[in-house]
Amino acid sequence: MLNKSTSYFLEGHSTYSVNLSDENASSFLLQNNSNVTLDLELSSKKNDIYFNLGQNSNLTLRIIIKHPIESVNLHANVSRGTEFNIFIADFFKNSISFKSIVDLDEENASSSFHLGVLSKNNENKNYDISFNHKVGKTYSELDAYGVSKDSSMIKINGTSHISKDSVKANANQKAKVIVFDETAKAIANPILKIDCNDVVAKHACAIGSLKDEHVYYLLSRGISLKEARNLITLGYLLPISKHFSKEDEEMIIELIEGEF
Amino acid sequence: MEKLVIKDLCAEVEGNQILKGVNLTINKGETLALLGPNGHGKSTLLAILMGNPRYKVTSGTIEYDGKDLLSLKTDERSKAGLFLAFQNPAEIPGVVSADFFKGAINAHRDNKIKLFEFYKKLEDACNKVNLPFDMVNRNLNDGFSGGEKKRNEILQLLLLNPDIAMLDEIDSGLDVDAINIVSKSITAQKESQNTGFLIISHYARLFELVKPDRAAVMINGRIVKEGDASLISKVDREGYEWIERELGVSIKKEENDKPMNKVSIGVCATKEVIKDVK
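Protein chains in written order, with our numbering: chain H, 69 to 328; chain B, 2 to 279.
So here's chain H without its partners, still in its complex pose (with noise of 0.2 Å):
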């Protein structure tokens, strides 16, 4: 329950961007049918925000972290025929704890989460990653690609539920994070619990440094070593911003490249 909170309705095709300023909770209400882009700015330190989506609808929830935020505790539930995208792009140098449970409520909801996140200094960011298949022919995915420079830490939790009678249930994860210094961490924990059978559940987590075969080849191409890592990890980096308005992804490529 939310004691005080602020809602939005979001419905038709468009596209529409909104500053959540305050500490209040946001509440968005997709209509059905719709087809909606939302640009999310978050400015408050703490973030708390719900989504309730109606049927055979389209949300493409897209956020920049450009402000110093501590936390945010995202929530929605997916109705049938309802498909859910969160993209992420996190390359602010500042701590944050993300919270994100999707409830996969009826049959051929689906939702996934892509981020791109960028840790420098001694930040500590925390991606915690939920998905929870309350039925059967739902479709979920993670997709995080991350980067751990300095004394910094990256911490990729993803978790996906598949509960009892969720038959043809599809989770998917997917965490790659590249730990660019010695002193940089990252952990990637994929969580499947599957209470069903007759499900595909699939996750995949690399954590590591730069191959050595991978930087040698663009070596051999005459590009230093200094380029070399900062092309390989870039690659890592960039993707996410190919989600974004012509004008963000812009600002991203600037955000990331500023950082190599």
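In case anyone wonders, no lab produced these hints; they're calculated from the structure.
There's no promise every hint is true.
Stated by the list, open to error - For lysine to aspartate or glutamate, the following EDC-like pairs were computed, each having C-alpha atoms within a straight-line distance of at most 20 Å:
| no. | chain 1 | residue 1 | chain 2 | residue 2 |
| --- | --- | --- | --- | --- |
| 1 | H | K253 | H | E209 |
| 2 | B | K57 | H | D280 |
| 3 | H | K113 | H | E191 |
| 4 | B | K74 | H | D280 |
| 5 | B | K113 | H | E325 |
| 6 | B | K57 | H | E281 |
| 7 | B | K103 | H | E322 |
| 8 | B | K103 | H | E191 |
| 9 | H | K242 | B | E92 |
| 10 | B | K150 | H | E281 |
| 11 | H | K167 | H | E191 |
| 12 | B | K103 | H | E295 |
| 13 | H | K314 | B | D100 |
| 14 | B | K4 | B | D100 |
| 15 | H | K244 | B | E92 |
| 16 | B | K113 | H | E295 |
| 17 | B | K212 | B | D176 |
| 18 | H | K279 | B | D100 |
| 19 | B | K212 | B | E227 |
| 20 | H | K236 | H | E151 |
| 21 | B | K74 | H | E281 |
| 22 | H | K161 | H | E109 |
| 23 | B | K68 | B | D176 |
Remember, it's a predicted structure, so these values are computed and weren't measured experimentally.
Start from chain H and add chain B according to the hints.
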């Protein structure tokens, strides 16, 4: 003019001595075929010339343009005019081919290449190796077929225009048409830019097309025979056994030919092996 002079080169990888005194010279504008059975050090030699950190040179010298090549880092060797087309090019997810090509070209120039010039150069090179231009927007070698990877190596050769190009089994995995395309690019590069080539291949087909000036045979980590292109035909007809007879060299078998250890752990064959021991 002698471009690359290798003298008494010995090298090891993870404590295993692979090269045991290699002597070889490559001149600018000539094509040298490097022959030899599998596992005798040909690819190791190319990797060492390019500066692969996995390999350790234990003695000997390599002069490149009169300078000590071993004192140069890998990227410096490339900028000095050396190029290696890899047998198994690395797949690098996330790195867009066009960005990589531009970075590589700029590394070889004082001023950054202009965008129009870059795309024109890239388009020309793609046409020459018969790769679709939209390939440049794909991640580097990621998801490429074996043939696409090999043609992508030649494409980079054309873009970087080296003085000496080393091709490590560039023809493996290529169909007849692709071999023709690759060999045409090699020949054109040699004629127009006077590039020297050091080519490893197990198949006479490529050598028939690129027509090497000289050939050398590497056995047991040494160059045991050098000669003109007729050496290639002889190896193609008769294999390497005649070298054993003629030179009294015993050809070491590949590591893979060693008998299996008596006790293996974690494989299905374990049960059978233990039976044998009993």
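Hint by hint, here is what the structure shows:
1. For a cut-off of 20 Å, the pair hint linking K253(H) to E209(H) is broken: about 24 Å separates their Cα positions.
2. Taking the CA atoms of K57(B) and D280(H), the gap is near 16 Å; set against the 20 Å cutoff, the hint holds.
3. Between the alpha carbons of K113(H) and E191(H) the distance comes to roughly 16 Å, so the proposed pair stays at or under 20 Å and holds.
4. Proximity of K74(B) to D280(H) is assessed by CA-CA distance (about 15 Å); at most 20 Å being required, the pair is judged to hold.
5. Restraint check: the Cα-Cα separation between K113(B) and E325(H) comes to about 18 Å, which is no more than 20 Å; the hinted pair holds.
6. A C-alpha spacing of about 16 Å is found between K57(B) and E281(H), which places the hinted pair at or below 20 Å, so the restraint holds.
7. The hinted pair formed by K103(B) and E322(H) meets the criterion: a straight-line CA distance of about 19 Å does not exceed 20 Å.
8. For the proposed pair K103(B) and E191(H), the alpha carbon gap of about 33 Å is over 20 Å, so the pair is violated.
9. Distance check on the hinted pair: K242(H) and E92(B) sit about 18 Å apart at the alpha-carbon level, within 20 Å; holds.
10. As the CA atoms of K150(B) and E281(H) are separated by approximately 16 Å, the hinted pair is consistent with the 20 Å bound.
11. About 17 Å separates the Cα atoms of K167(H) and E191(H), which keeps this hinted pair within 20 Å; it holds.
12. The hinted pair formed by K103(B) and E295(H) meets the criterion: a straight-line CA distance of about 12 Å does not exceed 20 Å.
13. Between the alpha carbons of K314(H) and D100(B) the distance comes to roughly 19 Å, so the proposed pair stays at or under 20 Å and holds.
14. Of the supplied pair hints, the one linking K4(B) and D100(B) is violated, its CA atoms being roughly 31 Å apart against a limit of 20 Å.
15. With a CA separation close to 16 Å, the supplied pair K244(H) and E92(B) stays within the 20 Å bound.
16. Proposed proximity of K113(B) and E295(H) is supported: the alpha carbons are some 14 Å apart, at most 20 Å.
17. Restraint check: the Cα-Cα separation between K212(B) and D176(B) comes to about 19 Å, which is no more than 20 Å; the hinted pair holds.
18. A threshold of 20 Å between alpha carbons decides the hint, and for K279(H) with D100(B) the separation of about 19 Å falls inside it, so the pair holds.
19. Taking the CA atoms of K212(B) and E227(B), the gap is near 16 Å; set against the 20 Å cutoff, the hint holds.
20. This hinted pair checks out: K236(H) and E151(H) have alpha carbons roughly 17 Å apart, not beyond 20 Å.
21. The hinted pair formed by K74(B) and E281(H) meets the criterion: a straight-line CA distance of about 15 Å does not exceed 20 Å.
22. At most 20 Å may separate the alpha-carbon atoms for a hinted pair to count; K161(H) and E109(H) meet this at roughly 16 Å.
23. Among the hinted pairs, K68(B) with D176(B) is inconsistent with the structure: their alpha-carbon atoms are about 39 Å apart, more than 20 Å.
Violated hints, in rising order: 1, 8, 14 and 23; the structure is consistent with all others.
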